[in-house]
Structures are given as C-alpha cells and as structure tokens.
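Start from chain A and add chain P according to the hints.
Each protein sequence line maps, in turn, to chains A and P. Counting in numbering that gives the first Met the number 0, the first sequence runs from 0 upward without gaps. Counting in numbering that gives the first Met the number 0, the second sequence runs from 0 upward without gaps.
The reader is advised that the hints may include incorrect statements.
Unchecked claim - Here are the computed lysine-lysine pairs in the DSS-like style, where the Cα-Cα straight-line distance is at most 30 Å:
1. Lys234(P) - Lys149(P)
2. Lys196(P) - Lys122(A)
3. Lys142(A) - Lys167(P)
4. Lys30(P) - Lys122(A)
5. Lys14(A) - Lys179(A)
6. Lys196(P) - Lys65(P)
7. Lys65(P) - Lys142(A)
8. Lys179(A) - Lys192(P)
9. Lys149(P) - Lys196(P)
10. Lys30(P) - Lys192(P)
11. Lys65(P) - Lys167(P)
12. Lys23(P) - Lys196(P)
13. Lys122(A) - Lys23(P)
14. Lys196(P) - Lys234(P)
15. Lys149(P) - Lys179(A)
16. Lys179(A) - Lys142(A)
Unchecked claim - If you want the ones that stay clear, here's a sample from chain A, every Cβ over 10 Å from chain P, calculated:
17. Ala15
18. Ile30
19. Asn64
20. Met93
21. Thr94
22. Ser97
23. Phe117
24. Ser136
25. Lys137
26. Ala171
27. Gly173
28. Lys179
Please keep in mind that the hints were generated in silico from the structure rather than gathered at the bench. Glycine residues also receive a C-beta, built at the ideal position from the N, C-alpha and C atoms.
The chain contents come next:
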Amino acid sequence: MSDFIQTAPSRTLDKAVQDHFIAAEAPFSTIVRKGQTLRIEDSYGQQAIDTLFYNAGDYSERYSNQDTMREQGAAYITAGTRIISNEGRVMLTMTADSCGRHDTSAGACSCESNTVRFGHGTKYLHACRDNFVLEVSKHGMGKRDVVPNINFFMNVPIEPSGEMTIVDGISAPGDYVELKAEMDVLLVISNCPQINNPCNGFDPTPIRVLVWDGEA
Amino acid sequence: MQHLRRSPEEIAANRARYEDHQRKGLEFAPKALPAPSPLPAPPIDPALVLHRETLPGGWYWSTRVKTGETLRIAQEQGFSAISLIAWNAAETSERLNLVDTVKVQWTTALSKGRVIFSDMGRVMFSVTEDSSGAHDCLMGGSTAASNEAKYGQGLRNSRDNFILLATKAGLDRRDIPAALTLFAPIRVDADGKFAWKPELLHDGDYIHLRAEMDMIVGFSNCPHPLDPNPHYAPKPVTVTRIAAQPIAEDDLCRTATAEAVRGFENNAFANL
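If we strip away everything but chain A, and leave its shape as in the complex, we get:
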C-alpha cells in the first residue's frame, strides 16, 4: 500500500469531497459531477479495476468502448483519452495517468465466460459481471445495461496478428489515473476478483477512489 500522491496544489486529502476505500473483489458506485476530478488509485499495484460510466441523468447513455477506441484511433486508454458514450459524447477526459497502459478490449470476467476460458471448475468464483449486475441493480438497471468496460491498470497487449493475451499488470502501488468529468456521471466499479489470470497478480487487492471539486 502506498502513501497519498498529490498531483496538484489543491488536490490534498482534506480537500477531497469523496474518499472511498474499496475492498478486494468488491463492487462500488458513486456520482461524479461535471467539473469534478476523479482519481482511481491502484493502492497495492497490479490490480485490474473494471469500470463503467453512465450519464447520471439518463442511464441509457453510457460508456462505449467502441466509440472511445474509434475516436482516438487506438486500442488502449491513457492520458488524453476522451471517454466517449454510446451517443458519441465526451463523458470524461483522462487528465493524468502514472501507469500508461489500460485495456478496453477484453471486458469483464463473468461466471459464464470463466467456464469457457478456464473450465467449468471455475464457474463458482466471484466475477466482475456479477459485481456489475449487483451494483447497477441498485440504480434500476440490469444485465442488459452492463456493457464492455474499461479495465484500468490491466495489461492486454494486442499483436499485429490479432493475438491477444492478458499479461502481468505494470502498475506499481499508488499508481493512479485522473479523469475530469465532462457531464454528471454514475461511476460503477468492480474491483476485479479474477484469480485465474494475471490481471491482478492472482491476488486481488483494495483500491481507493477520490473526488475533488473543480478548481475555481
């Protein structure tokens, strides 16, 4: 676990308007208002943080991995990436990234896909899509609203041949991403419980989520 890293003069712990620790394997959601800055911190390092965003005023508008990839012409997420909705609008802009590599092509683990990927013996393991369904159900949504997500700090290289695999994350304890909200968004996280691949070093760990008001 790392110490708090200050990225701007005003971005101190006492000025954060939200400060959440999210246990290993747990789901989480909160509202981030337009103009606020969200930090997602990989507190112990090498933890995949599966993340979805919904327009807080209209959940039918939500994160779209294809629109985000198309708009930036690249498969990975990093500083400068605009997070695009299924309506083609900018939801958030990624303003800081101490890690440099985040996936949005490989989606979330599920009990069902784990049976295909790792064998039927892995069916009864905690999985991200179950976390997502439980969390979005608190907001009146269901499985059909769980769309392809961002995996912050997950390393999924795609080769020119198309070959893709999940390899060890490169994030160190305390690595963070910061995103400025361009609209009011519902943030939904599954702090990935996957122990069958190296997305979290086979050892899911807690993370931290902070929110600051915009600078005047």
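Here is chain P on its own, set in the frame of chain A:
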C-alpha cells in the same frame, strides 16, 4: 485498510495454471485453423436457400435465424463493410459479446474455424467459411458524427441503423451491443493504433456464419470509419439464409479449440 493477501504458494499455483493455459491457447489455434475459404464462393444448392436479401448501401436489415441455419454474407457487387449485431431470440438480454469473443479465443482476428460468443458463455455463431479473415471486433461501425466528419451531413450510419432495427424488434437503444464489422481489415500496431489493411481483402469475399442458437440478427451496410475511400460508396451486400444441414461429429468450429468445446457444452446444457 486491513487486507489479507493470498499466500505465495496459492499465487504461484494459479500462475502456473494460467501460463500452461496461455501456452495452449496461443499455440493451439494457429496449428488447428485452416486456410481462408476459396474464391470465388461456391454456388449454393437452390433447394437449401430459405431467403436471399440484398441490402442497399447505407441500409439495415434484421432477420430471425434458427439453430443450424447458415447466413452467407457476400460481396457480390463490389466492396462494402457490413456491421452485425445479434440477440438470443428467446431471451434478448443474451447478446453478441465481442470482448468475450476475443478474450476467450486469444485473438481479435476472427477467421474460419472461430466462433462468436454471447455474454452468457454460449456460442452464437460458428464461422464455417471465410475468405478474408479481415473483420473488426474492436472499433465498431459508423455514427452520424463519424460520417459527418468524413463525408458531410445526411448520410446513413450504423448507429442510427441499429437503433431503427432494434426498435422494430421491440428492443431499445440500451439493447444495442458493440458491433462486429465484417470485411473491415483492421489491425493494431505496437502502440495500439488502428490501421486499415486493404491487402487482406479480395474481390467477391464472403463469410458463412452458422447460427448456434435461435437469434435475431441485425445488419447495417455502412462504410467503416477507417475505410480510406474519401467517398461514401457502400455497395449492396447479399445475405443468403441457408437451411440447416447435419453437423459432423468432428465439425471444425465445434472442435477447433478447448474454449469452443466448452462453449458448446454450455449451449448443449441450455438446450436440455
């Protein structure tokens, strides 16, 4: 915050299991998968043709398809990329899931011998023939904004086409999954940038998708956002629905990889 870590032995055991599994996944497929299907496309026995639809450039179409039937999607009148989405006809919350499709098969390059998964760990389609191996699982189709930036206003786009066809099937914009675009030769370079690889395409390309469950399938015939042609010029695309035929015990798509075998076990269980 208190956190109990897993033991080093437990982590090492899981890592060893994954590395073994990864080796098999990455090494097995190139050995098992066949060459692209031959061109020109062989004729279809007219007795097996259930329906043939020609989608004009810019337009959409959706159809029901039953388990075992095959859709031939063919470029009989020139080049056009065409985007596809699908739902389980009996339970539309189950739908095309490209992130699982690429992840569980260790590749973003769909080609003959591969399968296409739903979000419930079941196989929706088998790719039983494919002459190009050049399809886009990542970027999706066009939108009003992507068209306007490239061609100007007022041209049909895949996002709006999918809203139209979903709504006519009684579904909602929330139900539109990420789309597979056929005949879009997209590859990713070392930095993650997308490139259009025209050398992967041929005149008269076609693909056969065999339905592995009863589905509603939607198509949008619009240019891919990375199509280098500066003019909006989608050609008509022919979709032929072919009657179900017996499936051999050693069917390529059902046996090509351990992942496909397990996916079909999930299909079989759902059909009991």
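Verification of the hints:
no.	hint	verdict
1	Lys234(P) - Lys149(P)	holds, 18 Å
2	Lys196(P) - Lys122(A)	violated, 39 Å
3	Lys142(A) - Lys167(P)	holds, 21 Å
4	Lys30(P) - Lys122(A)	holds, 28 Å
5	Lys14(A) - Lys179(A)	holds, 16 Å
6	Lys196(P) - Lys65(P)	violated, 34 Å
7	Lys65(P) - Lys142(A)	holds, 24 Å
8	Lys179(A) - Lys192(P)	holds, 24 Å
9	Lys149(P) - Lys196(P)	holds, 19 Å
10	Lys30(P) - Lys192(P)	holds, 28 Å
11	Lys65(P) - Lys167(P)	holds, 19 Å
12	Lys23(P) - Lys196(P)	holds, 28 Å
13	Lys122(A) - Lys23(P)	holds, 20 Å
14	Lys196(P) - Lys234(P)	holds, 19 Å
15	Lys149(P) - Lys179(A)	holds, 28 Å
16	Lys179(A) - Lys142(A)	holds, 27 Å
17	Ala15	holds, 16 Å
18	Ile30	holds, 20 Å
19	Asn64	violated, 6 Å
20	Met93	holds, 14 Å
21	Thr94	holds, 19 Å
22	Ser97	holds, 18 Å
23	Phe117	violated, 7 Å
24	Ser136	holds, 13 Å
25	Lys137	holds, 17 Å
26	Ala171	holds, 16 Å
27	Gly173	holds, 14 Å
28	Lys179	holds, 21 Å
Going down the numbered hints, you'll see the structure goes against 2, 6, 19 and 23, while the others check out.
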